[in-house]
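**Student:** Input sequences plus hints: build the corresponding full structure.
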Amino acid sequence: MGLLKRPLFFSKEVSSLGRYALQRLLGVIPLLFVVSVLVFMFIHLIPGDPARLVAGKDATLEEINGIREQLGLNDPLWRQYIDYMGNLFKGDLGNSIRSGLPVSDMLASRFMPTIWLTIFSMVWAVIIGVLIGIISAVKRNRWPDHVGMITAISGISVPGFWLGLVLIQVFSVQLGWFPTGGVDSWSSYVLPSLTLGAGIMSMLARFSRTSMLESMREDYIRTGRAKGLHEFVVVGRHALRNSLIQVVTVAGLQFGFLLGGSVMVETVFSIPGLGRLLVDSIAFRDYTVIQAELLLFATEFILINLVVDLLYGVLNPKIRFDSN
Amino acid sequence: MEKLLEVEGLKTEFKRDGGNVMAVAGLDFHINSGEVLGLVGESGCGKSVTSLSIMQLLKGTPGRNAGGSVKFKGTDLLRLSDKEMRRVRGKDLAMIFQEPMTSLNPVLRIGKQLEEPIRLHMGYNKAKAREHAIHMLKLVGIPRAEGVMNDYPHQLSGGMRQRVMIAMAMSCHPQLLIADEPTTALDVTIQAQILDLMKRLKEERSMGMLLITHDLGVVAEMCDRVVVMYAGRVVEEAPVKELFENPQHPYTQGLIRSVPKLRQKVRRLESIPGNVPDLSRMPAGCKFAPRCPHVMPQCLTAEPELLAASGDASRKSRCWLTQETELKGGTGA
Ligand SMILES: Nc1ncnc2c1ncn2[C@@H]1O[C@H](COP(=O)(O)OP(=O)(O)OP(=O)(O)O)[C@@H](O)[C@H]1O
Ligand code: SF4
Ligand SMILES: [Mg+2]
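Residue numbers (our numbering), protein chains in the order written: chain W, 44 to 367; chain X, 2 to 334.
A portion of the hints provided could be inaccurate.
Stretch-level coverage of chain W by chain X, calculated; a stretch enters the list once three of its residues show a Cβ under 8 Å from a Cβ in chain X [what the hints assert, rightly or not]:
#1 251-263
#2 283-290
#3 347-361
Simulated from the structure, these hints should not be mistaken for lab results. We put the beta carbon where it would ideally sit given N, CA and C, even for glycine.
**Tutor:** Take a look at the structure:
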């Protein structure tokens, strides 16, 4: 293999994949700009006066005005936006209205628990979901299919917070296998990620079943069998490779919803992550923190979609070669 | 001559809402080793289903084998276990399909797909399998074979893909190649090239071939013997020359008349009037009776058998006309 293969860097496939990646990357920039403007406007449309909040209940009008001036709230909106974005690029997101701490420090300390939570949720949801999908497709209309689809339907129809509470009750309170909350050890992540991933697992199980059934009907599957390949290889290599292209895309798009779901799960399991911080900040109208969090979530969402696009390009040879 | 493949009473049934249908209803024919047998008939008469039944590739369709036997060098393939059948498929018995555009996996490199059967059946390691795959690509006339190994199917034309399919089918030296309309989906010029290629390979390797087509021109050019199918049955069997010179079954006669002759100015293309009967509403007697210009009362009630014509064991026909004359001849003596 090695010697005959063309050097990677000169092959047309890498260059066109690179072109595809660059295209997507450039497409993200205007998107990020639009999103940041929207978030900024949205925050400023919320009723309530940040200056009054910062100043506290007993502040005089003069004090409030002073703070307003200091926060730049008297400037026109576009001016405020430019200042905010300018500071953002310097790593300064302002200070929390509630605690006075730098918002960037607050986000940094809350970042990892949420990231781990989402990653664990996604990993198990993809592995189990796709596995159920494959088995259901191969054993269509027989009992493994029925068991798989019942699992999938229950995963989607059970409300997340309820599932979380049941898991805590059974596995933490009664059996004592896992902690009820917090992030003191890796085992703390087991129940929260089960809760958070359940919906996506269900969705992926059903989607990959459909997609596998579709792939299994393709002519190249018959070719594979005609070669004398074992059914295991026909399914695992030929059908799955094709289905994975779609499954990865769908899984990636669901990632964004995990970010939303993490708010609920972090609350139920008292995980000190970004979701909890967002809930607390909204309760207190901590504008600077809310704004930074929304921007962060939106950016994550966009970047994840970018990664999905790139992955799609890597998996799908048609894109790898034909983009222009 | 030794019989390479012997099909007897083969029946294939499809599950349908409101009763099953018999797509292949008791098929008898054989292929001698080194021989090209043509299987012809209109669309829907069961040619593809026959080939899939022989290869046992009905999995994933509502179809199932409902009787008969398919003996390959004496072994009944229908009695083999899945595992035993896998050892035959792709090795002794190979197949190429009607649809070159979709028969290759779009997300795997050509090389990978070619190496699969080679590694499986010949036990070669990766390097040796690759070498053999490249050799096969060159054999089927693919330029820059090494480069094509790294290509994906969508980078190749239909003709090239069918060459790849042929290379794949031939890679483990099959004794029988089943080709289901291998050129139907291709341009006319490419068709000729592919047929030439198949003819050449067949002669070089003295392998048997079942060539399925509805193109009588292809039959004339490629085949030694022909089996004509109608409604899941064999209606006529004959060596190719005899079939064209003296077709016995009215259906075959109609088929041959409907082919435009070269150099002859065609005024009107004659085609057989009427349609292939629906599988779930088959006429009681001869299945061709509703379209037959020679239909007789007995044709409507009893189906004739496939019988050898008098004095010529190589010819068979399923028609009361030929069988009646035989009967008359018998009483007259
Ligand atoms: N997957 C399937 N499901 C249900 N019925 C089928 C299926 N495949 C074939 N059949 C039935 O079997 C009959 C024969 O089909 P087959 O594909 O063998 O025809 P054919 O002779 O190969 O025609 P063509 O020249 O169009 O390829 C058809 O009438 C069709 O209704
Ligand atoms: S048996 Fe009768 S209907 Fe059938 S082909 Fe012969 S003559 Fe025609
Ligand atoms: Mg067909």
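**Student:** Of all the hints given earlier, name the ones this structure violates by number, lowest first.
**Tutor:** none
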